[in-house]
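Residues per chain are reported as follows:
There are 2 protein chains.
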Amino acid sequence: MSEKAKAMDKLDELVELSILYDFYGELLSEHKKRVFEEYVHNDLSLSEIAELNGISRQGVYDLVKRCSKELRDYESKLKLISKFDTVKDKLLQIKELISKPTSSNRDNLQEEITTLADDILKEL
Amino acid sequence: MSEKAKAMDKLDELVELSILYDFYGELLSEHKKRVFEEYVHNDLSLSEIAELNGISRQGVYDLVKRCSKELRDYESKLKLISKFDTVKDKLLQIKELISKPTSSNRDNLQEEITTLADDILKEL
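From first to last, the protein sequence lines stand for chains A and W.
So for the first sequence, the numbering used here puts the first residue at 1; every next one is plus one.
So for the second sequence, the numbering used here puts the first residue at 1; every next one is plus one.
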């Protein structure tokens, strides 16, 4: 794997972890939250985080791995991110429908928006 | 407290626990899930559950208390139920707006529904 591909993979993982943390971060212990934030949000290296917290580089690495697994487990059980994506998509459809210079008549518009609103309620 | 008031309190608590379980039940262990469901959804008594699971009545009582605390802790951290209530309220407002024989004009309707959709997105 090229250096560029490796850097892209790392970036993809950081984005994924950052989203997971937004949804489930509150469920981590205070210690895990601090270290994980330093890694994911403040973009510190494992060595920098190790020095800041008085633990080994390996200790930081293990903690980040454990946090990542914990957050992924929460998503596999509660599926909040997947639900959020669906809800967001349907809300954007509502905004789109209500914003276009009406090609469909008022009755159709009412039916379409009501259906989308009901779909969102079912999703939650 | 009268017997009736006690029964109402018990009912209120069962409804609360049932809602908490709908949102966070997946985060409980399989064993806890089974016992908790028997208590909250199947309305079995502590003694009946104890017999079914080969544990003491006190053991069931403690487990139900621990589960209740665990579920309330999840809500205090993730606030999914509180968010759901807000989102549901705003979706009902959208349905109400789009259903009434338009007193407001199309531009107002668009603005009001767009604002509600954006509010929901911010809430999630």
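Hint data in this document are derived by calculation from the structure and do not stem from the laboratory.
Just so we're clear, the structure is a prediction, and the values are computed from it rather than from any experiment.
Check each hint, because a few of them may be wrong.
As the list claims (entries may be wrong) - The calculated BS3-like cross-link candidates involving lysine-lysine, where the alpha carbons are at most 25 Å apart (straight line), are:
#1 33(W) with 77(A)
#2 6(W) with 90(W)
#3 95(W) with 83(A)
#4 79(W) with 88(A)
#5 90(W) with 33(A)
#6 90(W) with 100(A)
#7 88(W) with 79(A)
#8 88(W) with 88(A)
#9 6(W) with 122(A)
#10 33(W) with 90(A)
#11 88(A) with 33(W)
#12 88(W) with 33(A)
#13 32(W) with 79(A)
#14 100(A) with 122(W)
Claimed, not checked - Derived CB-CB ranges, DEER-like:
#15 37(W) with 108(A): 28 to 36 Å
#16 92(W) with 81(A): 52 to 60 Å
#17 123(A) with 7(W): 32 to 40 Å
#18 12(A) with 122(W): 25 to 33 Å
#19 11(A) with 100(W): 23 to 31 Å
#20 83(W) with 1(A): 38 to 46 Å
#21 10(W) with 52(A): 45 to 53 Å
#22 57(W) with 53(A): 56 to 64 Å
#23 7(W) with 11(A): 32 to 40 Å
#24 92(W) with 86(A): 47 to 55 Å
#25 1(A) with 89(W): 45 to 53 Å
#26 106(W) with 12(A): 41 to 49 Å
Stated by the list, open to error - Some chain A residues judged to face chain W by a derived CB distance under 10 Å, without partners named:
#27 14
#28 17
#29 24
#30 26
#31 27
#32 31
#33 77
#34 80
#35 124
Here a beta-carbon is modelled for each residue, glycine too, at the ideal position from N, C-alpha and C.
Hint by hint, here is what the structure shows:
{"no.": "1", "hint": "33(W) with 77(A)", "result": "holds, 13 Å"}
{"no.": "2", "hint": "6(W) with 90(W)", "result": "violated, 35 Å"}
{"no.": "3", "hint": "95(W) with 83(A)", "result": "holds, 21 Å"}
{"no.": "4", "hint": "79(W) with 88(A)", "result": "holds, 19 Å"}
{"no.": "5", "hint": "90(W) with 33(A)", "result": "violated, 32 Å"}
{"no.": "6", "hint": "90(W) with 100(A)", "result": "holds, 22 Å"}
{"no.": "7", "hint": "88(W) with 79(A)", "result": "holds, 19 Å"}
{"no.": "8", "hint": "88(W) with 88(A)", "result": "holds, 14 Å"}
{"no.": "9", "hint": "6(W) with 122(A)", "result": "violated, 34 Å"}
{"no.": "10", "hint": "33(W) with 90(A)", "result": "violated, 32 Å"}
{"no.": "11", "hint": "88(A) with 33(W)", "result": "violated, 31 Å"}
{"no.": "12", "hint": "88(W) with 33(A)", "result": "violated, 31 Å"}
{"no.": "13", "hint": "32(W) with 79(A)", "result": "holds, 20 Å"}
{"no.": "14", "hint": "100(A) with 122(W)", "result": "holds, 23 Å"}
{"no.": "15", "hint": "37(W) with 108(A): 28 to 36 Å", "result": "violated, 43 Å"}
{"no.": "16", "hint": "92(W) with 81(A): 52 to 60 Å", "result": "violated, 25 Å"}
{"no.": "17", "hint": "123(A) with 7(W): 32 to 40 Å", "result": "holds, 35 Å"}
{"no.": "18", "hint": "12(A) with 122(W): 25 to 33 Å", "result": "holds, 26 Å"}
{"no.": "19", "hint": "11(A) with 100(W): 23 to 31 Å", "result": "violated, 48 Å"}
{"no.": "20", "hint": "83(W) with 1(A): 38 to 46 Å", "result": "holds, 40 Å"}
{"no.": "21", "hint": "10(W) with 52(A): 45 to 53 Å", "result": "holds, 51 Å"}
{"no.": "22", "hint": "57(W) with 53(A): 56 to 64 Å", "result": "violated, 46 Å"}
{"no.": "23", "hint": "7(W) with 11(A): 32 to 40 Å", "result": "violated, 58 Å"}
{"no.": "24", "hint": "92(W) with 86(A): 47 to 55 Å", "result": "violated, 19 Å"}
{"no.": "25", "hint": "1(A) with 89(W): 45 to 53 Å", "result": "holds, 49 Å"}
{"no.": "26", "hint": "106(W) with 12(A): 41 to 49 Å", "result": "holds, 43 Å"}
{"no.": "27", "hint": "14", "result": "violated, 22 Å"}
{"no.": "28", "hint": "17", "result": "violated, 18 Å"}
{"no.": "29", "hint": "24", "result": "holds, 8 Å"}
{"no.": "30", "hint": "26", "result": "holds, 4 Å"}
{"no.": "31", "hint": "27", "result": "holds, 6 Å"}
{"no.": "32", "hint": "31", "result": "violated, 16 Å"}
{"no.": "33", "hint": "77", "result": "holds, 4 Å"}
{"no.": "34", "hint": "80", "result": "holds, 8 Å"}
{"no.": "35", "hint": "124", "result": "holds, 5 Å"}
Comparing the model with each earlier hint shows violations of hints 2, 5, 9, 10, 11, 12, 15, 16, 19, 22, 23, 24, 27, 28, 32; every other hint is respected.
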